[in-house]
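J.: Okay, here's what each chain looks like letter by letter:
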Amino acid sequence: MISLSQILDIGKKSLSSHQYALSVTGQNIANVNTPGYSRQRAIFQSDIPIDTIPGPVGTGVKIEDIERIRDQFVDTQVKDQLSQVGEWDKSSSLLTEIESILNEPTDTGLSQMISDFFNAWANVSNSPEETGPRRVLVAKAEVLSDTFNRLKEQLQSNITNINKDIEYKVDLINTKAGEIAQLNGQIVKSEAGGQTANDLRDKRDKIVNELASFANIQTVESDDGSVAVYVNYKVIVDRLSTVELTTEMTDRAGVKMRDIMYNGEKLEPQSGELHATLYIRDEQIPEYIDKLDTLAGSIIDEVNTVHRAGYGLDGTTAKSFFSGADASSISVSSAILSDLSLIAASSTGGPGSGNTALQISKLANSLSMNDGTATFADFYSSTVAEIGATTETAGIMLDNENALLTQLKNYQDSVSGVSLDEEYTNMINYQHGYEAAAKVVSMANGLFATILGMVGVS
Amino acid sequence: MRISTNLLSRNVLAQIEQGQERLFWNNQRIATTKRIQKPSDDPIGTDTAMQTRTNINANNQYIENSNNAVSWLNSTEMAVNNLFDSLTTASELATYGASDTIGPDSRKAVGNEVNQLLEEFVDNANSQAKGKYIFGGFQTLEAPYETEENVADQNISGTAYDTPIDLTPPAQMLRGTALLTDTTGTITYTEGVDYTIDYEEGTITILSTGGMLVPNNYLIDYETQISGVKANSKGIDGNILRQISESETMTINISGNEIFKTSRGADAFQALINLRDALYADDTAGIETAMGQLDDARELIRTGIETVGSRLERLNSHIPNLEESQLTRKADLSRVEDTDMAYESMELQKNQIALQAALQTGISIMQLSIVNFLK
Chain Y
1 MISLSQILDI GKKSLSSHQY ALSVTGQNIA NVNTPGYSRQ RAIFQSDIPI
51 DTIPGPVGTG VKIEDIERIR DQFVDTQVKD QLSQVGEWDK SSSLLTEIES
101 ILNEPTDTGL SQMISDFFNA WANVSNSPEE TGPRRVLVAK AEVLSDTFNR
151 LKEQLQSNIT NINKDIEYKV DLINTKAGEI AQLNGQIVKS EAGGQTANDL
201 RDKRDKIVNE LASFANIQTV ESDDGSVAVY VNYKVIVDRL STVELTTEMT
251 DRAGVKMRDI MYNGEKLEPQ SGELHATLYI RDEQIPEYID KLDTLAGSII
301 DEVNTVHRAG YGLDGTTAKS FFSGADASSI SVSSAILSDL SLIAASSTGG
351 PGSGNTALQI SKLANSLSMN DGTATFADFY SSTVAEIGAT TETAGIMLDN
401 ENALLTQLKN YQDSVSGVSL DEEYTNMINY QHGYEAAAKV VSMANGLFAT
451 ILGMVGVS
Chain R
459 MRISTNLLSR NVLAQIEQGQ ERLFWNNQRI ATTKRIQKPS DDPIGTDTAM
509 QTRTNINANN QYIENSNNAV SWLNSTEMAV NNLFDSLTTA SELATYGASD
559 TIGPDSRKAV GNEVNQLLEE FVDNANSQAK GKYIFGGFQT LEAPYETEEN
609 VADQNISGTA YDTPIDLTPP AQMLRGTALL TDTTGTITYT EGVDYTIDYE
659 EGTITILSTG GMLVPNNYLI DYETQISGVK ANSKGIDGNI LRQISESETM
709 TINISGNEIF KTSRGADAFQ ALINLRDALY ADDTAGIETA MGQLDDAREL
759 IRTGIETVGS RLERLNSHIP NLEESQLTRK ADLSRVEDTD MAYESMELQK
809 NQIALQAALQ TGISIMQLSI VNFLK
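Quick note, the sequences are listed as chains Y and R, same order. Take the first sequence: its position 96, counted from the start at 1, is 96 in the numbering used here, and no numbers get skipped. Quick note: to get the numbering used here, add 458 to the position in the second sequence (first position is 1).
Don't read these hints as lab results, they were simulated from the structure. Model, not experiment: these values are computed from the prediction. We put the CB at the ideal spot given by N, CA and C, even for glycine. Among the hints, erroneous ones may be present.
Below 25 Å or equal to it, Euclidean Cα-Cα: the simulated DSS-like pairs (lysine-lysine) are [claimed, not checked]: (1) R:Lys-692 / Y:Lys-319; (2) Y:Lys-164 / Y:Lys-176; (3) Y:Lys-291 / R:Lys-496; (4) Y:Lys-169 / Y:Lys-203; (5) R:Lys-496 / Y:Lys-152; (6) R:Lys-833 / Y:Lys-439; (7) Y:Lys-234 / Y:Lys-176; (8) R:Lys-692 / Y:Lys-362.
Partial pick of chain Y residues on the chain R-facing surface, computed with a CB cut under 8 Å [claimed, not checked]: (9) Val-32; (10) Glu-129; (11) Pro-351; (12) Ser-381.
Just chain Y, same shape as in the assembly (with noise of 0.2 Å):
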């Protein structure tokens, strides 16, 4: 026979178990907005059942675990995703702010100051014996030579701002890796009684999330509940412990360039934001530099050679109109800046030639990059267009991958995320069965009152 307190203890027990279910929807309802929060769900369990005669009878409900809702899988597809999405938004950010410093098509940009420069020389040639077009001419060269030494010292504190984010992502890596690390402590002491910890989890979940948006990170679950966590298949955090990363300045072509060093050795991520800023800073970059001071050359080499064949004013020859030898040197040779006379506009020492000059202008049209098939204007605006496409497909990347994790995003939502709607439902039929088992309590109450009255206490 079942004794009273025993349909006390269900009644008790059913309370107490709707009760904690209720505390759990209200946990959902109050983290709805929270970040990375995954739904919890209390799994009620019917109790062990007591065997008597005529057969079994149940004990009741108990809580059995308070689960979390999550799909394992999405959760890893979408921390690969935020890699692949870092790393493209990491790339369009950059090549936008490259594309920028060129500021074409216009006219303002240095393809129109290389019309001008070779224009001025024509104007030289129309009138080669007045100082007038020479002056201009000189002032056409130093906008142009400005133009070229302001373009590469722009790319060049690019890479400065990028070894300075380098910097700052490393030690931001760092403490993020000793969080993840302080979390599995906690984690695995928490588990050690057979509960999962949702809400650590939860931390550490979203912690590993923003990891990948710098890198490509693994993660291997050990049994304890402790996270290993790795960047580019090197370990970073293993239990309690951490593998810290650090840099280094080292110096290529004369142009200083922060590594990230893990025990000593180069890392570098597959995918994610770090790969996108070492890729353009190591090969897009110079790539681009080394494109201007090819140009800024080649201009500087083609006219100073027909220059040193012509005549000056004051018939002086074989001197040099330009000074430098690349972007960031080009400038007007300070011979001529302090006497235009000496300006090689002619072709015989005859005041009235200004063939030599001509001859000058004319190099706008010859054909001399890549190997002999491009004008000079022609080799500039290839570089900008290829910029350009490089820049239109990081965006197109960018635009692809994002459409990509917000689908993963949605399916891990509407896995794990918390609906309002169905957390008031549950609320209302966990306050019923709250209110059911109150009933049942109080009957047995009356069936306890009953029988204390049969025996005559009162």
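For this one, chain Y is given, so just place chain R on it according to the hints.
T.: Chain R alone, transformed into the frame defined by chain Y:
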């Protein structure tokens, strides 16, 4: 699919953001009138736009160069026409001077006219355009032709006062260059006080009111009229070039060596000098020879006129072509670079409507909640 609360609101937000971004770029493109805001908007279009700009800039310069050439050629045309006219007049004078019906005095007068023509001719040969000598080749800052005058000296036997003494013809004196001294050269006499000179006749008269004695011998030095014309020793050759298109370079100048005084013998200056001197010397045979030389010289100048004329003609059709292709190129550039206002405005309206719709529907679904219905 299970829709969580956040999924709903995040999606609504994303749609609104996208809508706003589209409107932003619509607005940018309309306000700046540029379809290509940065190279990544249209890389190939950027390449085309940059190349077209380069072409337009170069073309502007060719137009400038061509106009510059026209201005030079116009000055040249005027000068060669004047030169041709001078020689035509000289021929007419020569014909008159060669006829049997006139005497030595008339011939002398004609000779003076020819001398005038000669001086004008030299001036025109030294014509300038904007301060540059047009017939001087590369030596544009120095006059290409310089006149030579002989310094002659003669012994004069002063036999009587106030009687004109002939100077040896065809010595024609340049005014103000006479220097009359005694035979030792120590005493100098003053023109107008001690003696007078009749430049037309080529005679000198000793004044009785002056300080000269007769009979006596005196020495007179003077410069004659132009005896020769020589070119600048630095050389007057050199082709002045103008680039009038990407593939065409044009010589704009004619050097004096090509039309006045060439190695083939025609020499306009010498022809005029010979004619003048023959007229002064009353030498009809010499006049006839000079006439032949004049004809050769005129022929040469005529070819110069033709050269200038054909160059100007070429430029007259070339410049409008350049200007027209400039218009075409600018239209091309606009087509690549500029915003299609009509299209963009329509897109703007479309996107505005889309954004409004997104806002309205988004808000309305976000407001639906079971809480509204719970009692």
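J.: Look at each hint and say if it fits the structure.
T.: Structure-based check of each hint:
no. : hint                  : result
1   : R:Lys-692 / Y:Lys-319 : holds, 23 Å
2   : Y:Lys-164 / Y:Lys-176 : holds, 19 Å
3   : Y:Lys-291 / R:Lys-496 : holds, 20 Å
4   : Y:Lys-169 / Y:Lys-203 : holds, 20 Å
5   : R:Lys-496 / Y:Lys-152 : holds, 19 Å
6   : R:Lys-833 / Y:Lys-439 : holds, 22 Å
7   : Y:Lys-234 / Y:Lys-176 : holds, 15 Å
8   : R:Lys-692 / Y:Lys-362 : violated, 28 Å
9   : Val-32                : holds, 6 Å
10  : Glu-129               : holds, 6 Å
11  : Pro-351               : holds, 5 Å
12  : Ser-381               : holds, 4 Å
Figure legend: structure checked against the earlier numbered hints; the only hint not met is number 8.
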